[in-house]
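Colleague: So the chains spell out like this:
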Amino acid sequence: MQSIAERAVLWSIMLSGLAFVLVRVGLENDLLELAPLALLALAALVALAMIAQMRRLNIFNNRLRGHALGWIIAAGVAYLLSLANEKTVQAAMPAIKSYRKLWKTLDGFADFLVPMFLLFAVVLLIVGTRDTKLDRPGRIERALVSKLPAKIAAIPMAFTAIGVFVIATLWTVYHSFTRSKLLPKSDFEGVFQYERLWSTDRWWISLENLAIYGACSMVFSLVIGFTLATLLDQKIRGEAVFRTILLYPFALSFIVTGLVWQWILTPEFGVQNIVRSLGFENFVFDPLYNSDIVIYGVLIAGLWQGTGFIMVLMLAGLRGIDQDIWKASRVDGIPTWKTYIYIIIPMMRPVFITTLVIIASGIVKVYDLVVAQTSGGPGLSSEVPAKYVYDYMFGGQNLGQGFAASTVMLALVLIPLIPFAYLEFGNRKNG
Amino acid sequence: MARTVTTHRKILTTLLAWAVGLLIFFPIFWIIVLSFKSEGDAIKTPIQVLLSAWSFDNYATVQERSDYFKHFSNSVLISLGSTFLGILIAVPAAWSMAFVPSKRTRGILMWMLSTKMLPAVGVLYPIYIGFIRLGLLDTRLGLVLILMLINLPIIVWMLYTYFKEIPVEILEAARMDGARLREELLYVLTPMAIPGIASTILLNVILAWNEAFWTLNLTAAKAAPLTAFIASYSSPEGLFYAKLSAASVMAIAPILIMGWFSQKQLVRGLTFGAVK
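As given, the protein sequences belong to chains A and B, one line each in that order.
Take any residue in the first sequence, note its place counting from 1, add 673, and you have its number in the working numbering.
Take any residue in the second sequence, note its place counting from 1, add 1, and you have its number in the working numbering.
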């Protein structure tokens, strides 16, 4: 009976929080708008029933009073935040006035958080009155008291990193099924946007470019990075400086990289000009002006930026390999290259996985480089999906297309990611 | 451990290493050279470029055309602010995940890192609308918040790996000696984690400094940092390479200089803690 009541309180608070978030991000539904406070009221009723059943409530002589006081203070802070939205307060303190809209939003949160925190305080007082110190505390106590510092520490991170991104992503996915044009609409319209998306040439070009760029940059940066690392796997002179130089490109913004390579690949002044001035008058190298190979021009810039980084990672991996392995393979007379392929590479599996994940996460996001280097040209020949999304959202005033395209991109990431994450991390949970 | 090799091979590979290093460094070196040349000299053949006159004119022109120092101060404020805020949130989080793990810790970490893999365009518009509603569009506060958000997973992950290297026994010993949570964190954990935190800060400052996608899309004029400043030189004046180089040098110089003086942290940070 006790556990059912406790469960009811916790679940209704959680559901009310969920409903609150859904309303906040713009789902319009009368029932839903009523839900957060109604569910809180339900939790409060259950709590009252618990008090009625116990017929007493120790407030001052309560072992959880410190925790309850903490929640009351939290409620007070939330209330103070909501005060910043009051006109009189803003008039008194002009400094906070410039973020008016921010306070207005926070006010909405405070209206919800104040009663929720107060409810936590009451519930804790109830639990503290009822239970003496137990071996295994009840559900509410486990949720609100055990490991509290750790929870408080982790919640802002979990909320910001997961909450914001998951909610925003779901919002986008939902709106990809609407006919949103200039402004987002929330009427469900089916797969109309997707039909249009897949019949657009520009989208196919973008996908093709992404595939070429992705496959090539993965293969080349791994192969070049690893080969260079094996060649340099020894203490060379001034290694620290050397590593820093190799990492410099990686520390530059894609915008700068794009512009630098735009210059280097320009026929009039760049590589073509230099080779011609050496006497090869007919030498042609103009990737940025040739729509068949422009994506390789972008690729060169991307490789320049990333390969040094991959090499440093690989070098670190090679350094982690025990010297005895080399001695053993030498004693057995195994050629160096065979040792690399059959012994060293399998041993460096974790390094390769880390590297692959870093490269892959960079590939999907390739946007700034293209914008800086070619702006998608010549024509549409170096378009990439991220740019397609962006152009439709902000340039073409066709939000639905942008949402549909970004949903497809999301699917393209998730389809390989989920099985991979499951295989790599799922089976060693305690690792 | 490095492989042992014969001396003459060692000389050969050292030379090769430096050749690779120079090749990679050349583009950076070249825009620095170009930035000191007149537009006319900048498009001559390489030898002539090196021999022609050097001057600071481009820098003066760039500063005059688009206030470099405004963008610079925006960049500094945004990258330091987002890093500070991120560390503030991430240190407790990483501490709780490393030392008070629950059965969900690993799952939360994976979830968090996977948000880094998702295409940012997928969340661009909802966040854009949110920014309009909150009045944060084209404000520095807004950029601080969003850059903190997008880099938070990496900060937490890095700090988590550093904290994991610290033996729990030391913290337990401190607790046995009567240290409270606050003291434990402040006087025992933090001093031991300083190198890790320093690398994390450096990495995050660099990531925030370079972030172009969000800064280009969420700013107009007021809060635009250096990435937007460079991008404004990209298309309309595409052929003014000397000025473009000057602008680029001005944007990357702080990173290059900072990186040079903190090489160890740079290497450790940029490789996400993999290279110590």
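Because the hints were derived from the structure by calculation, they are not lab data.
Among the hints, erroneous ones may be present.
Claimed, not checked - Facing chain A, from chain B, some residues (calculated, C-beta under 10 angstroms):
1. L150
2. F214
3. A252
To be verified - Below, a list of computed lysine-lysine pairs in the DSS-like style, where the Cα atoms sit at most 30 angstroms apart:
4. B:K104 to A:K908
5. B:K71 to A:K770
6. B:K11 to B:K104
7. A:K770 to B:K223
8. A:K908 to A:K760
9. B:K11 to B:K223
10. A:K777 to A:K858
11. B:K104 to B:K117
12. B:K223 to A:K774
13. A:K777 to B:K11
14. A:K774 to B:K165
15. A:K908 to B:K165
16. A:K760 to B:K223
17. A:K774 to B:K11
18. A:K858 to A:K774
Yeah, the Cβ is synthetic: ideal placement off N, Cα and C, and Gly gets one too.
Colleague: Each hint: holds or not?
Modeller: Hint check:
1. L150: Because about 5 angstroms separates L150 (chain B) from the closest Cβ in chain A, which is inside the 10 angstroms limit, the hint holds.
2. F214: holds (6 angstroms)
3. A252: It holds, given that the least Cβ distance between A252 (chain B) and chain A is near 6 angstroms, below 10 angstroms.
4. B:K104 to A:K908: The given pair, whose Cα atoms are some 43 angstroms apart, is violated under the 30 angstroms limit.
5. B:K71 to A:K770: holds (24 angstroms)
6. B:K11 to B:K104: With a Cα-Cα distance of about 50 angstroms, the restraint between K11 (chain B) and K104 (chain B) is violated, given a limit of 30 angstroms.
7. A:K770 to B:K223: holds (18 angstroms)
8. A:K908 to A:K760: Status violated; Cα separation ~67 angstroms.
9. B:K11 to B:K223: It is violated: about 54 angstroms lies between the C-alpha atoms, which goes past 30 angstroms.
10. A:K777 to A:K858: Answer holds: K777 (chain A) to K858 (chain A) is near 24 angstroms, not above 30 angstroms.
11. B:K104 to B:K117: holds (22 angstroms)
12. B:K223 to A:K774: holds (18 angstroms)
13. A:K777 to B:K11: Given that 30 angstroms is the threshold and the Cα spacing comes to 67 angstroms, the pair is violated.
14. A:K774 to B:K165: violated (41 angstroms)
15. A:K908 to B:K165: The hint holds at about 29 angstroms.
16. A:K760 to B:K223: Cα-Cα ~27 angstroms, so holds.
17. A:K774 to B:K11: violated (64 angstroms)
18. A:K858 to A:K774: Measuring from Cα to Cα gives roughly 23 angstroms; hence the hint holds.
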